[in-house]
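Q: Fit chain B to the given chain A structure using the hints.
Which chain is which? The protein sequence lines are A and B, in order. Taking our numbering, the leading residue of the first sequence gets 1299, the next gets one more, and so forth. Taking our numbering, the leading residue of the second sequence gets 1123, the next gets one more, and so forth.
Read the hints as simulated data drawn from the structure, not as lab findings. Cβ coordinates follow ideal geometry from the N, Cα and C atoms, glycine included. Treat the hints with caution; some may be incorrect.
Each pair of labels, with its calculated beta carbon distance range [said to hold, decoys possible]:
| no. | chain 1 | residue 1 | chain 2 | residue 2 | range |
| --- | --- | --- | --- | --- | --- |
| 1 | B | Asn1322 | A | Thr1398 | 23 to 29 Å |
| 2 | B | Ser1211 | A | Ser1402 | 24 to 30 Å |
| 3 | A | Ser1385 | B | His1209 | 36 to 42 Å |
| 4 | B | Asn1490 | A | Lys1415 | 52 to 58 Å |
| 5 | A | Pro1340 | B | Glu1379 | 40 to 46 Å |
| 6 | B | Phe1489 | A | Gln1471 | 40 to 46 Å |
| 7 | B | Asp1523 | A | Asp1595 | 54 to 60 Å |
| 8 | A | Ser1385 | B | Pro1196 | 37 to 43 Å |
Some, not all, of what chain A presents toward chain B, calculated at C-beta under 8 Å [as the list claims (entries may be wrong)]:
| no. | residue |
| --- | --- |
| 9 | Ser1385 |
| 10 | Leu1431 |
| 11 | Arg1438 |
| 12 | Asn1465 |
Rough simulated footprint, nothing fancy, chain B against chain A, three-plus residues with beta-carbon under 8 Å [claimed, not checked]:
| no. | stretch |
| --- | --- |
| 13 | 1373-1384 |
| 14 | 1575-1582 |
| 15 | 1593-1604 |
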Amino acid sequence: MQQRIKINIMRRFIGGRFAGSTRLMSTSSRALGWWDHVKPAPKDPIIGVTEAFLADTNPNKINLGVGAYRDDEGKPVVLQCVRYAESKIAGCEFLESNATEVGSKLVEESVKLAYGKHAHLIKDGRVAGIQALSGTSACRLFAELQRRFYPESPIYLPDFTWSNHHNIWRDAQVPERSFRYYHPISKGLNFAALMDDVKNAPDGSFFLLHPCAHNPTGVDPTEEQWREISNKFKVKNHFPFFDMAYQGFASGDVDTDALPIRIFLEDGHLIGCAQSFAKNMVLHGHRVGCLSVLCDDVKRAVAVKSQLQQIARAIYSNPPVHGILLVSTILSDPQTKVLWFKEVKVMANRIKQMRITLRETLEKLGGPLSWEHITNQVGMFCFFGLTPDEIDRLVREFHVYITPDGRMSMAGVNTSNVNYLANAIHEVMTYEREAGTMISGISL
Amino acid sequence: MASTMLSVASASPFASLSPLENVKGKLKLGSASLSFNKAKGNPFINAKSFCRISMVAAVNASRFESVTMAPPDPILGVSEAFRADTHESKLNLGVGAYRTEELQPYVLDVVKKAENLMVERGENKEYLPIEGLAAFNKVTAELLFGADNPVIKQQRVATVQGLSGTGSLRLAAALIERYFPGAKVLISSPTWGNHKNIFNDSRVPWSEYRYYDPKTVGLDFEGMIADIKAAPEGSFVLLHGCAHNPTGIDPTPEQWEKIANVIQAKSHIPFFDVAYQGFASGSLDTDAASVRLFTARGMELLVAQSYSKNLGLYAERIGAINVVCSSADAAARVKSQLKRLARPMYSNPPIHGARIVANVVGDPALFNEWKAEMEMMAGRIKNVRQKLYDSLSAKDKSGKDWSFILKQIGMFSFTGLNIDQSANMTSKWHVYMTKDGRISLAGLSLAKCDYLADAIVDSFHNVS
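With the rest of the complex left out, here is chain A (with noise of 0.2 Å):
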């Protein structure tokens, strides 16, 4: 026994990045005590900032932080299609008897989305799809998969990207790489560096790739780079796994947003997809998502599902079901169908407008600096390139809350507040970078 309390203390030393101090281990005080050893963890990039932005009183403050959509109010939504569907089901009598049917309605209306006219492969039988909690689940079912698979494989993760899929693939098990992707000085796609280091990796390499509105840059390849892109990952046998949280948001169009997913398909790739409807049906908190991988036949795509069924089962076992109702409800639905359509496009549109209003206000305030980047970007994201102070000063003197990566979420701004928010960025980033001189990072 006092061999297996050294051994245990020896594996906190070299095995624990999480484990602080060694518990203590004398019997007498083992009763109480046990978490001793525990460190509080950090506050999560995005969500804490949500957390500091509640705590500040400041009459003018903004939060900019999460991805989440806002009205010209600043208020959160409910969209019409999804009263609708709510009151369609309210009370009703669903029970765990029909999750099977639901489920499996979901996953159709899902990938059917996302694969737009390629969705026949659904009626073959080649995709092995499963309801997830949303993005984030979806996105770890799947590393677990590859981590079950392919245990040696890395993930390459753009750089840069939203910060939990770091997480993800790390709790996962799953070594990381990145490939370079934001430009800092275009503030755009570094298309050539893109593109070189899918050449060098290894063949058959694992990479995740944004298909439209990128988080947390907002920059998206164009069509012809796309295309450029698949064509490269078909000669280096490359798998393409697309994280789609924002399918609606970018264009505005459904069908434009999942072109790249669509373009690789037709390039005849077997490709992985996580898709959420958070962000565009405003599901937030009901966690519903999709996990889809494309297989070659019918029965290996019947025992890829049956083993992320299996990995699902030791997590939470099954998808919590109002969010599936709701969701498979509006999609199959065809009038409610074309009224969440309509509403994805009013979000969309709110977001392109702000964001034209945001460039333009600055334009106004003058300065060297170009915004031609705010307009640039797609989505609900922009990246200024700010520096650690720039975000520091952003944060502390004008109460604006942007995650610590310099990411804003533009649907968070809105008519009433987009003045002083082009007047925040303009004294922190032209001050800052006019002055030209700094003296231990204090400005003259």
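A: Just chain B now, kept in the frame of chain A:
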């Protein structure tokens, strides 16, 4: 070599499958092994690295060629088989989901009321915090420990909303793996099938303690105590708070005291799985007695909780993981780390079930209504137990003592039937149950007790 690969790689995406076929033909497919044994290598693949060679040789071969079919889940698979059966006398005693006397699924009235309230209020669907709905966490901890419990007053409980029992267990397992690497979880033999999957996938080692005694169809108490004593100090002991699944056999209050004694003596950590609070005896407080006993002794412990059965919210996935710590500071730190584990699993938990629970449990009128419905459901099961026992005693002329059925508690009953006998139940009598001899009384009606008794008597005596 390289040129061969290049030429194949540039072939049309819809080229014939023959290159792949050839490669496959030459390579050996190993046999699938499903045991979780790290030494044997990856248990999920039926072939090792050749799958990547075959993938490169034919551009459109699936990356997942080597993926084998996972075995059907032993519990959920039963319902699937039942649905496929067309026999008129078929009976589903597989999954532990409550059914009415008419064998229909049941949505509690309080749930319907809560949902209608929620639609009226038209609340938004914003993200919950990672730890879940605060109102939910509060009422859930109070339901389990009692609102006046010192551990709650002293803020020593870290409660995080989880995805029903499974999700809460998984968070706890992940916490154990991270902070007590190498520590073992002791699970009862037998236990709910998914426990092993959860600990396996979390890479937490486990071993079993004796629990079910087939000779008495009761608790092997001495074996249980001996095995808990023999385990390495500082192990986690997984205990079913009430209505043990699958056996229905619970320790008596005196036995719980003795279990607590040995756990304290060995400095183990108690880890409760409470999936049936209210369903065992019909009383929410009585069913929480074991957890409260341990807590009253000042022990630090974990409790995974589920509202799937007692509020009929199976499909909403609503539950919680509670960690009782020695100090409020420890509880805050533990909570922060549970959040950190949840974020890369699903970011934040689903809102619907949490709101229902917060509305029902948090509103005195609805709470009382719930208690009444709870008593009704538990009462129906107790009646069915009695009827089954009466039928068995009447039909079995051998004089076998079936009273163990009355001693068991909760949704399930361990019949004592072995694998072959259980198979006979299905093949001959179209009674669907799990292979371990477990029947779900929640799926049994008074009307069907006679039929079931016939099936059991036949299987027990005529099949070995």
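Q: For this structure, which hints from the list above don't hold up?
A: none
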